[in-house]
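Engineer: The residues making up each chain are set out below.
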Amino acid sequence: KNQVEQSPQSLIILEGKNCTLQCNYTVSPFSNLRWYKQDTGRGPVSLTIMTFSENTKSNGRYTATLDADTKQSSLHITASQLSDSASYICVVSAVDSNYQLIWGAGTKLIIKP
Amino acid sequence: DGGITQSPKYLFRKEGQNVTLSCEQNLNHDAMYWYRQDPGQGLRLIYYSQIVNDFQKGDIAEGYSVSREKKESFPLTVTSAQKNPTAFYLCATRRSQGSGNTIYFGEGSWLTVV
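Going line by line, the protein sequences match chains A and B. For the first sequence, my numbering gives the first residue as 245, with consecutive numbering after it. For the second sequence, my numbering gives the first residue as 216, with consecutive numbering after it.
These are computed hints drawn from the structure, not numbers from a lab. Cβ atoms here follow ideal geometry from the backbone N, Cα and C, with glycine treated the same way. Mixed in with the good hints, there may be bad ones.
[As the list claims (entries may be wrong)] Partial chain B-side listing against chain A, Cβ under 10 angstroms, derived:
hint: 1; residue: Pro223
hint: 2; residue: Tyr248
hint: 3; residue: Leu258
hint: 4; residue: Ala296
hint: 5; residue: Phe320
hint: 6; residue: Leu326
[What the hints assert, rightly or not] The list that follows gives simulated cross-link-like pairs (lysine to aspartate or glutamate, EDC-like), each with its CA atoms no further than 20 angstroms apart:
hint: 7; chain 1: A; residue 1: Lys352; chain 2: B; residue 2: Glu322
hint: 8; chain 1: B; residue 1: Lys298; chain 2: B; residue 2: Glu239
hint: 9; chain 1: B; residue 1: Lys224; chain 2: A; residue 2: Asp283
hint: 10; chain 1: A; residue 1: Lys245; chain 2: B; residue 2: Glu230
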């Protein structure tokens, strides 16, 4: 069964600190992996998209990594800011006729001043 | 201002009523989607449409209906058959069904049954 699991479920860190969020998946055959940021009560916004051949991709203070062999991805946030408080969702695409997306439940990140 | 417009932002439904959530886009995207989001869970696909006049059921289509008469519009009707409709509903679009294309989301609609 295609699944995406994220950890931790929630995380609280102090402003200015770094953090890493994890995503493990069992989706096969794999097409690509995306990270989204979702503010409370808003629609998700794309941060990165990574294909099988990409190991690392950055978007400002966000850096995503992908290990297609172990089927793991991480999202590293550097020098966190209060505006980083949000849910971060990992989404994996399977290669099938409809390119369906398998969504993780998200990690809720809270940045404290 | 371009993008995806969902309305209303907040909606209250009495039991037994049908309600329709609107989703309009001016991105000229072919594919449109409706997702449901419940607390602590991942997004779940209700319906999707790849082209005008065509749509497919997602994972949780029971109690919902859609139409795609125009490229710009993909309204979702929550029928009385949906037993637990209280949730956050998200409309999304993608330029085409290619797996590498970014998916864009509207701001969502909160539906509460009273």
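Engineer: So, for every hint listed, does it hold in this structure?
Structural biologist: Structure-based check of all given hints:
A hinted interface residue such as Pro223(B) counts as satisfied when its beta carbon comes closer than 10 angstroms to some beta carbon of chain A; here the least separation is about 14 angstroms, so the hint is violated. For the restraint placing Tyr248(B) at the interface with chain A, the shortest Cβ-Cβ distance is roughly 9 angstroms, inside the 10 angstroms limit, so the hint holds. The criterion of a C-beta within 10 angstroms of any C-beta in chain A is met by Leu258(B), whose closest approach is roughly 4 angstroms, and the hint holds. Look at Ala296(B): its Cβ only gets to about 24 angstroms from chain A, farther than 10 angstroms, so that hint breaks.
Because the beta carbon of Phe320(B) sits about 3 angstroms from the nearest beta carbon in chain A, less than 10 angstroms, this interface hint is met. Annotation: interface hint on Leu326(B) violated; nearest CB of chain A at approximately 13 angstroms, more than 10 angstroms. Only pairs whose Cα atoms come within 20 angstroms are accepted, and Lys352(A) paired with Glu322(B) is accepted, the gap being roughly 18 angstroms. The straight-line distance between the Cα atoms of Lys298(B) and Glu239(B) is roughly 26 angstroms, outside the 20 angstroms bound, and the hint therefore fails.
The straight-line distance between the Cα atoms of Lys224(B) and Asp283(A) is roughly 15 angstroms, inside the 20 angstroms bound, and the hint therefore holds. For a cut-off of 20 angstroms, the pair hint linking Lys245(A) to Glu230(B) is broken: about 35 angstroms separates their Cα positions.
Of the hints listed earlier, those the structure fails to meet are numbers 1, 4, 6, 8 and 10, in rising order.
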